[in-house]
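There are 2 protein chains.
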Amino acid sequence: MQLALGIDIGGTSTKLALVDPSGNIVARAFFSTVERRDEDDFFHHLFETIEELLNGGEEIKGIGAGAPSANERQGTIENAANLPFSPKVEFGKTLYQRFGIPVHLVKDSNASTLGEWHFGAAKGMENFMLLTLGTGLGCGIVADGRLLGGEFGHGGEAGHVCVQPGGRACGCGRQGCLETYVSATGLKRTVFEIMANSMFDSPLRSISFEAMTARNIFEAASSGDILAKKSFEQTGEVLGLALADMAAWFEPAAVILSGGLATAGDLLFQPTIESLERHALAFHKGKIKVLPSALGENDAALLGAAALVWNSSGTW
Amino acid sequence: MQLALGIDIGGTSTKLALVDPSGNIVARAFFSTVERRDEDDFFHHLFETIEELLNGGEEIKGIGAGAPSANERQGTIENAANLPFSPKVEFGKTLYQRFGIPVHLVKDSNASTLGEWHFGAAKGMENFMLLTLGTGLGCGIVADGRLLGGEFGHGGEAGHVCVQPGGRACGCGRQGCLETYVSATGLKRTVFEIMANSMFDSPLRSISFEAMTARNIFEAASSGDILAKKSFEQTGEVLGLALADMAAWFEPAAVILSGGLATAGDLLFQPTIESLERHALAFHKGKIKVLPSALGENDAALLGAAALVWNSSGTW
Chain A
8 MQLALGIDIG
18 GTSTKLALVD
28 PSGNIVARAF
38 FSTVERRDED
48 DFFHHLFETI
58 EELLNGGEEI
68 KGIGAGAPSA
78 NERQGTIENA
88 ANLPFSPKVE
98 FGKTLYQRFG
108 IPVHLVKDSN
118 ASTLGEWHFG
128 AAKGMENFML
138 LTLGTGLGCG
148 IVADGRLLGG
158 EFGHGGEAGH
168 VCVQPGGRAC
178 GCGRQGCLET
188 YVSATGLKRT
198 VFEIMANSMF
208 DSPLRSISFE
218 AMTARNIFEA
228 ASSGDILAKK
238 SFEQTGEVLG
248 LALADMAAWF
258 EPAAVILSGG
268 LATAGDLLFQ
278 PTIESLERHA
288 LAFHKGKIKV
298 LPSALGENDA
308 ALLGAAALVW
318 NSSGTW
Chain B
8 MQLALGIDIG
18 GTSTKLALVD
28 PSGNIVARAF
38 FSTVERRDED
48 DFFHHLFETI
58 EELLNGGEEI
68 KGIGAGAPSA
78 NERQGTIENA
88 ANLPFSPKVE
98 FGKTLYQRFG
108 IPVHLVKDSN
118 ASTLGEWHFG
128 AAKGMENFML
138 LTLGTGLGCG
148 IVADGRLLGG
158 EFGHGGEAGH
168 VCVQPGGRAC
178 GCGRQGCLET
188 YVSATGLKRT
198 VFEIMANSMF
208 DSPLRSISFE
218 AMTARNIFEA
228 ASSGDILAKK
238 SFEQTGEVLG
248 LALADMAAWF
258 EPAAVILSGG
268 LATAGDLLFQ
278 PTIESLERHA
288 LAFHKGKIKV
298 LPSALGENDA
308 ALLGAAALVW
318 NSSGTW
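Line by line, the protein sequences are chains A and B. Read in order, the letters of the first sequence are residues 8 to 323 in our numbering. Read in order, the letters of the second sequence are residues 8 to 323 in our numbering.
Mixed in with the good hints there might be a few duds.
Pairs count within a copy or across copies, as identical chains cannot be separated in the list.
[What the hints assert, rightly or not] In silico DSSO-like links for lysine-lysine, alpha-carbon gap of 27 Å or less:
#1 95 / 236
#2 294 / 68
#3 95 / 294
#4 130 / 100
#5 100 / 236
#6 292 / 95
#7 130 / 195
#8 195 / 294
#9 195 / 95
#10 237 / 130
By construction, these hints were calculated from the structure, which means they are not laboratory data. For clarity, every value in this text was computed on a predicted model and none was experimentally measured.
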């Protein structure tokens with residue numbers, strides 16, 4: 008049986024998997040990305056890990072990869088803030104030259120989107136969106152049966168649409184971006200806003216901004232802490248309104264919430280769905296599903312990267 | 008030479024044109040929509056007008072039509088607020104039964120979008136948006152070379168995305184919708200807000216809310232009236248921020264502004280472009296063109312409707 012090699016390149020680690028056409032992971036490997044000096048060191052480890060994986064003699068049809076700051080049309084990784092790379096790394100060409108099989112590269116958020124589409128919560132859907140709620144907010148959009156690209160390959164930047172004119176400062180230089188409210192960092196900012204504006208007593212008041220994590224807030228909320236619960240409610244309120252707008256633009260059958268913050272479950276999903284239903288246009292009420300990832304963030308990206316091998320024509 | 012029949016159904020009048028494959032209008036006709044009693048009366052006039060147009064013996068390959076509240080998949084017009092119709096009118100089937108040639112139906116905003124795409128300002132583009140700024144705000148989106156549809160055929164509802172949480176009440180039931188700021192009505196609401204908040208003297212202060220038109224405001228601004236000019240500046244500020252968000256979502260090569268308000272020219276375009284460039288993400292600055300319609304609102308819809316005959320497979 009022919010297999011595909013899926014690669015998920017992240018700032019902390021790079022994960023690899025051999026995947027069969029039904030989305031079953033046959034073998035896995037990973038190595039540290041953060042410990043690499045530069046792209047040469049990265050490719051050295053990548054080649055070594057691939058060769059170990061293929062030691063069993065499996066025949067692979069192609070390589071699919073997801074990476075931050077991927078230029079999908081060129082097969083390059085460009086200006087990746089969290090990778091130890093030069094401004095422009097020829098990922099596709101380098102792998103093709105080494106292994107002589109087709110190589111496909113997409114943005115990390117698109118890899119996860121493809122994973123959920125082919126093997127996960129969005130199986131068979133023509134219109135859906137994936138939002139990955141981590142440190143920031145990543146997004147992939149399938150519209151009318153195709154992954155949305157945009158004129159320059161940067162379409163679907165949901166994290167940086169404005170949800171509050173003149174609102175919170177964002178790393179991108181704009182103000183009021185969705186990810187400044189709806190992400191692990193956004194949740195923390197909301198906690199500090201509520202601490203400033205309210206008199207609620209809370210164990211979170213003893214933790215500094217730098218030290219506080221989304222997990223602290225989740226645990227406090229799970230123990231019934233009002234301030235922490237309110238921060239999830241406000242996050243859901245902002246996300247639900249944004250989902251109503253996404254419905255007006257794209258009319259997805261479902262929005263899948265993935266990433267660390269989405270593992271908070273009902274604490275996030277319930278206020279989000281309530282807000283969506285309150286804000287949705289009349290003909291969208293009750294129509295847009297909000298679903299958790301069926302694969303988990305890691306496997307979604309690996310499986311989506313592998314799916315490129317069977318479902319994409321682009322190569323370098 | 009084979010021709011296409013294009014039909015643009017509006018609340019005031021219904022316009023028809025015979026169009027050649029290059030987008031030249033060979034003959035025109037129209038009749039009043041507002042004077043029709045019901046759909047039977049409408050179809051009676053429509054059939055009569057078509058037969059007069061075809062009196063010269065031209066052979067037509069098919070019929071394309073744009074209408075408000077069109078259900079593109081069913082070929083029906085449903086719950087059209089400004090047409091004298093029953094809740095569901097079988098437009099496609101009725102015309103096909105009468106003339107025995109393919110019939111295509113799209114939403115009015117999509118008809119104009121197709122017109123600009125095939126024959127106007129967006130010729131050859133793979134990614135663009137058309138915003139029609141009239142009483143409300145209509146929108147059509149071409150993403151990655153295809154008209155955006157959405158799961159239920161209501162995608163691209165730009166007029167009803169939220170640009171100001173808790174902002175102006177909208178007819179749709181939401182608050183802060185784009186069209187409550189950026190449309191002829193939105194401009195007027197902005198004038199009244201500025202009259203309330205400022206001390207600027209202005210001839211507009213002698214006109215009631217009911218009596219005031221966008222033309223009054225345009226003429227005052229053209230004569231140098233500060234209050235009127237500020238109302239255009241604020242409208243452009245809101246539109247430019249919205250365009251920056253549209254770039255984040257769809258990354259269009261161009262946004263075309265059409266409709267009555269867009270005829271204000273520099274008064275609207277200049278503050279809009281300034282605001283877009285200020286708010287755009289770094290990699291979008293200087294990349295998104297803001298263009299006037301090349302066809303005018305009426306002909307764009309007629310030509311786009313006709314273009315369906317050559318470029319679409321759907322029929323009823």
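Against the structure, the hints:
In this assembly of identical chains, residue 95 and residue 236 lie within 27 Å of each other by CA distance neither inside one copy nor across copies; the values are 43 Å within and 46 Å between. Proximity of residue 294 to residue 68 under the C-alpha cut-off of 27 Å is found in neither arrangement, the shortest distances being 39 Å within a copy and 38 Å between copies. Taking CA atoms no more than 27 Å apart as the test, residue 95 paired with residue 294 passes between copies only; the shortest distance there is 21 Å, against 43 Å inside one copy. For a Cα distance limit of 27 Å, the shortest separation of residue 130 from residue 100 qualifies neither inside one copy, at 31 Å, nor across copies, at 34 Å.
Taking the shortest Cα distances, residue 100 and residue 236 never come within 27 Å of each other, neither inside one copy (49 Å) nor across copies (55 Å). Taking the shortest alpha-carbon separations for residue 292 and residue 95, only the inter-copy value of 21 Å comes in at or below 27 Å, while the best intra-copy value is 45 Å. For a Cα distance limit of 27 Å, the shortest separation of residue 130 from residue 195 qualifies neither inside one copy, at 33 Å, nor across copies, at 47 Å. In this homomeric assembly, residue 195 and residue 294 never come within 27 Å of each other (Cα to Cα): the closest approach is 31 Å inside a single copy and 34 Å across copies.
Neither within a single protomer nor between protomers do residue 195 and residue 95 lie at most 27 Å apart by alpha-carbon distance, with minima of 33 Å and 50 Å respectively. With identical chains, the CA atoms of residue 237 and residue 130 are never at most 27 Å apart, being 34 Å at best within one copy and 50 Å at best between copies.
Hint compliance for this structure: hints 1, 2, 4, 5, 7, 8, 9 and 10 are not met, and every other hint is.
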